[in-house]
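These protein sequences, in sequence, are chains A and B.
For the first sequence, numbering that gives the first Met the number 0 begins at 0 and goes up steadily by one.
For the second sequence, numbering that gives the first Met the number 0 begins at 0 and goes up steadily by one.
Any given hint could be a false lead.
All copies of an identical chain are treated as equivalent in the list; a pair is satisfied when it fits inside any one copy or across any two copies.
As the list claims (entries may be wrong) - Taking lysine-lysine and the DSBU-like style, the derived pairs with C-alpha atoms no more than 30 Å apart in a straight line are: (1) 133 with 123; (2) 123 with 59; (3) 21 with 254; (4) 102 with 243; (5) 4 with 102; (6) 268 with 59; (7) 133 with 4; (8) 204 with 124; (9) 124 with 207; (10) 21 with 229; (11) 168 with 204; (12) 168 with 242; (13) 238 with 168; (14) 168 with 123; (15) 102 with 204; (16) 207 with 4; (17) 269 with 21; (18) 238 with 4; (19) 254 with 207; (20) 238 with 269; (21) 4 with 21; (22) 123 with 269; (23) 4 with 124.
What the hints contain is simulated information worked out from the structure, not anything from laboratory work.
2 protein chains.
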Amino acid sequence: MKMKKEIIVYSISDSLGGTSQKLLAAVTAQYPDIIFNNSYRFPFINQEEELLDILQDAVKDDALVITTLVNSQLAALAREFSQSHGLSYLDLMHPFFEIIQEKTGSRPIEVPGTLHRLDGDYFKKISAIEFAVKYDDGKAPQGFIDADLVLLGVSRTSKTPLSIYLANKGYKVANLPLIPEVPLPQVLEKVASHRLIGLVCEPEKLAKIRINRLDSLGLSQETSYTDLEKIYQELDYSKMVFKKYGASIINVSDKSIEETAFLIEEHLKKMSEDR
Amino acid sequence: MKMKKEIIVYSISDSLGGTSQKLLAAVTAQYPDIIFNNSYRFPFINQEEELLDILQDAVKDDALVITTLVNSQLAALAREFSQSHGLSYLDLMHPFFEIIQEKTGSRPIEVPGTLHRLDGDYFKKISAIEFAVKYDDGKAPQGFIDADLVLLGVSRTSKTPLSIYLANKGYKVANLPLIPEVPLPQVLEKVASHRLIGLVCEPEKLAKIRINRLDSLGLSQETSYTDLEKIYQELDYSKMVFKKYGASIINVSDKSIEETAFLIEEHLKKMSEDR
Numbered sequence: 000m001k002m003k004k005e006i007i008v009y010s011i012s013d014s015l016g017g018t019s020q021k022l023l024a025a026v027t028a029q030y031p032d033i034i035f036n037n038s039y040r041f042p043f044i045n046q047e048e049e050l051l052d053i054l055q056d057a058v059k060d061d062a063l064v065i066t067t068l069v070n071s072q073l074a075a076l077a078r079e080f081s082q083s084h085g086l087s088y089l090d091l092m093h094p095f096f097e098i099i100q101e102k103t104g105s106r107p108i109e110v111p112g113t114l115h116r117l118d119g120d121y122f123k124k125i126s127a128i129e130f131a132v133k134y135d136d137g138k139a140p141q142g143f144i145d146a147d148l149v150l151l152g153v154s155r156t157s158k159t160p161l162s163i164y165l166a167n168k169g170y171k172v173a174n175l176p177l178i179p180e181v182p183l184p185q186v187l188e189k190v191a192s193h194r195l196i197g198l199v200c201e202p203e204k205l206a207k208i209r210i211n212r213l214d215s216l217g218l219s220q221e222t223s224y225t226d227l228e229k230i231y232q233e234l235d236y237s238k239m240v241f242k243k244y245g246a247s248i249i250n251v252s253d254k255s256i257e258e259t260a261f262l263i264e265e266h267l268k269k270m271s272e273d274r
Numbered sequence: 000m001k002m003k004k005e006i007i008v009y010s011i012s013d014s015l016g017g018t019s020q021k022l023l024a025a026v027t028a029q030y031p032d033i034i035f036n037n038s039y040r041f042p043f044i045n046q047e048e049e050l051l052d053i054l055q056d057a058v059k060d061d062a063l064v065i066t067t068l069v070n071s072q073l074a075a076l077a078r079e080f081s082q083s084h085g086l087s088y089l090d091l092m093h094p095f096f097e098i099i100q101e102k103t104g105s106r107p108i109e110v111p112g113t114l115h116r117l118d119g120d121y122f123k124k125i126s127a128i129e130f131a132v133k134y135d136d137g138k139a140p141q142g143f144i145d146a147d148l149v150l151l152g153v154s155r156t157s158k159t160p161l162s163i164y165l166a167n168k169g170y171k172v173a174n175l176p177l178i179p180e181v182p183l184p185q186v187l188e189k190v191a192s193h194r195l196i197g198l199v200c201e202p203e204k205l206a207k208i209r210i211n212r213l214d215s216l217g218l219s220q221e222t223s224y225t226d227l228e229k230i231y232q233e234l235d236y237s238k239m240v241f242k243k244y245g246a247s248i249i250n251v252s253d254k255s256i257e258e259t260a261f262l263i264e265e266h267l268k269k270m271s272e273d274r
C-alpha cells in the first residue's frame with residue numbers, strides 16, 4: 000500500500016491569520032494525494048524571539064512556512080532564517096508590497112489586522128446578515144420591500160445558505176419557500192421583478208437532497224416530500240410563480256453556493272447597468 | 000491639493016476568482032492613501048486568446064495583474080507576457096506549486112475550482128448555516144441540545160453575526176437573547192457549561208450601538224433600550240445568568256466578529272484538549 004505524502008504547514012501572521020487560509024485551501028485542493036496538516040497556526044506574532052522559536056520548530060517538522068506578516072523587519076527575519084536553514088517559505092504580503100512600491104513609491108503602513116477595521120462596510124455586512132436571518136424562510140414578508148433581492152424556490156433549493164452568503168457580501172436578501180398549498184404573500188406584487196430570483200433544481204437531484212435531509216433528521220423516507228411525482232408538481236408550480244412575477248430563473252443543480260451567488264451578482268450588475 | 004494615487008487591479012482566474020480577493024483586501028488595507036480600483040475581475044478564463052486580450056487591456060490601464068490560474072500553460076503565458084511588456088504581475092498559485100514540487104515531487108492536478116467541490120465539508124457547512132438561522136434569537140431552544148455552542152447575551156452583543164460566522168466554519172451555533180423580564184428556557188440546564196458562551200460589552204459602547212440601531216430603524220432614541228442605567232441592569236442580570244450556568248465570558252467591545260470567533264474557537268480547542 001502506498002503511503003500518502005504529508006506536508007505540515009505553519010501559518011504565521013501578526014494578525015488573525017485568516018488571509019492565508021483561503022489561498023492555502025485553493026492550493027491544497029490541487030493535491031488530492033497529499034495530506035496537508037494545517038493545524039499549526041500562529042496568530043498575533045510580533046516579537047522576533049517568538050518568531051524564531053516557531054521557525055526553529057518548523058525546521059524540526061520539515062514544514063512549509065507561510066507568512067502574512069506586515070512588519071517588514073519580522074518578514075525579513077523569516078526570509079533570512081528560511082534561506083539559511085533550507086526551510087520552504089512563502090511570504091504572501093511582501094511580493095505585493097514590492098510591486099506597489101515600484102509602481103507608486105508608496106510603502107505599507109505596517110499596521111497588523113487593518114483588515115478587521117470596524118468601519119462602515121463592516122457594519123453594513125453585519126446588518127445584512129441580521130437582515131437575512133430575520134427575513135429567512137418567508138417569516139416576515141414585509142421585509143421584501145427593503146430587500147435588495149428576494150430568493151424564491153421550493154424546499155431544498157439552497158435559499159438559506161445563498162441568502163447568508165450574499166449577505167456576507169453586503170446584500171440584503173430575503174427568501175420565500177414556495178409551497179403549492181400555501182398562498183403567496185401579497186407584498187410580493189410590490190417587489191420589482193429584477194429583484195426576484197427563482198431557484199430551480201433537477202427533480203431527481205432534489206429528491207436525493209431531500210432524502211438525505213430526512214435521513215439526517217432521522218426520519219423515514221416514505222413521504223410526499225421525497226416523491227418524484229410530487230416534486231415535479233412543486234417545481235411546475237414554482238416556475239408558474241416565477242413567470243407570473245417576472246423572476247429570473249437560476250438552476251442550482253450541481254452548482255455550489257459560490258457559483259450561484261456569482262450568477263446572481265452578475266444579474267444584479269447587468270440590471271443596474273441597463274437602467 | 001494632493002491627488003490620491005490610484006492603482007487599477009486586474010484579477011484573473013480560471014475559476015471564480017474569490018481566492019485572490021481576501022489577500023488583496025489585506026494588502027490594500029496597508030495603503031490608506033492609495034485608491035485600489037478592484038472592479039476588473041475576470042473569472043473562468045481558460046483560453047489563451049481570452050487571457051491575451053485581458054493582458055493587453057491591462058497594459059493600457061497600467062494595471063497590477065494578479066492571477067490565480069491553476070493551468071500551468073496559461074500561467075506561463077501570463078508571466079512571459081508581463082515580463083516582455085513591463086506589466087506588474089503576481090502569480091499567487093505557482094510559487095506554492097513550485098515549493099510543493101521541491102518538497103514532494105508532486106504536481107498539481109490543474110483542475111480549476113476544485114475548491115468548490117460539493118463534498119462532505121461543504122454540506123456540513125451548509126447545514127451548520129441552516130442550523131444557526133433556525134436556532135437564532137432563542138426561537139427554538141430545543142436546538143440547544145444539538146448545538147456545539149450556545150451564545151448568550153443582552154441585545155446587540157453580536158450574537159447573530161457571530162453565530163453565522165462560526166457556522167461558516169462548520170460549528171452548529173444557537174443563540175439566546177437575555178432579557179431580565181423573560182424567563183430562561185428550561186433546556187438551558189441541560190447544556191454542558193463548556194458549550195455556553197456569555198457575551199458582554201461596555202455599557203457606554205452598547206448604548207451607542209443601540210442608538211445607532213434605533214436610528215437605522217428610523218425610531219426615536221428616548222427609550223429604556225438605550226438608557227445607560229437600564230443597560231447596566233441588563234448586563235448585571237446577564238452576568239448573573241453566566242455565573243449560574245457556568246458560561247465562559249467574552250467581552251466583545253472593540254472586537255470584530257472575526258476576533259471574537261477566534262477566542263471562541265481557542266476556548267473550544269482548549270476544552271476538547273482538557274477532556
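(message) My question is about residue 124 and residue 207: at a cut-off of 30 Å on alpha-carbon distance, are they close within one copy, between copies, both, or neither?
(response) This pair counts as between: shortest inter-copy Cα distance 18 Å, intra-copy 34 Å.
(request) Could you place residue 238 and residue 4 in one of the four classes (within, between, both, neither) given a Cα distance threshold of 30 Å? (result) neither (49 Å within a copy, 49 Å between copies)
(message) For residue 254 and residue 207, with the copy left unspecified, which applies at a CA distance of at most 30 Å: within, between, both, or neither?
(response) The answer is within: 15 Å in one copy meets 30 Å, while 42 Å across copies does not.
(request) Since the copies are identical, ignore which copy is meant and state whether residue 238 and residue 269 lie within 30 Å (CA to CA) inside a copy, between copies, both or neither. (result) within (22 Å within a copy, 50 Å between copies)
(message) Regarding residue 168 and residue 123, is the shortest C-alpha distance of 30 Å or less found within a copy, between copies, in both, or in neither?
(response) Result: close both inside a copy and across copies, 9 Å intra and 21 Å inter.
(request) Using 30 Å as the alpha carbon limit, work out where residue 269 and residue 21 are close: within a copy, between copies, both or neither. (result) For residue 269 and residue 21, the Cα distance is within 30 Å both inside one copy (28 Å) and across copies (24 Å).
(request) First find the shortest C-alpha distance between residue 268 and residue 59 inside one copy, then the shortest across copies, and answer within, between, both or neither for a cut-off of 30 Å. (result) Close across copies (24 Å), not inside one copy (51 Å); limit 30 Å.
(request) Using 30 Å as the alpha carbon limit, work out where residue 168 and residue 204 are close: within a copy, between copies, both or neither. (result) Intra 28 Å, inter 26 Å, cutoff 30 Å: intra and inter.
(message) At most 30 Å between CA atoms: does that hold for residue 238 and residue 168 within a copy, between copies, both, or neither?
(response) within (28 Å within a copy, 34 Å between copies)
(request) First find the shortest C-alpha distance between residue 4 and residue 21 inside one copy, then the shortest across copies, and answer within, between, both or neither for a cut-off of 30 Å. (result) both (22 Å within a copy, 29 Å between copies)
(request) Classify it for me, residue 4 with residue 102: is the Cα-Cα distance of at most 30 Å met within a copy, between copies, both or neither? (result) between (41 Å within a copy, 10 Å between copies)
(message) Cα distance capped at 30 Å. Does residue 207 pair with residue 4 within a copy, between copies, both, or neither?
(response) This pair counts as neither: shortest intra-copy Cα distance 35 Å, inter-copy 53 Å.
Figure legend: structure checked against the earlier numbered hints; hints not met, in rising order: 2, 4, 7, 10, 15, 16 and 18.
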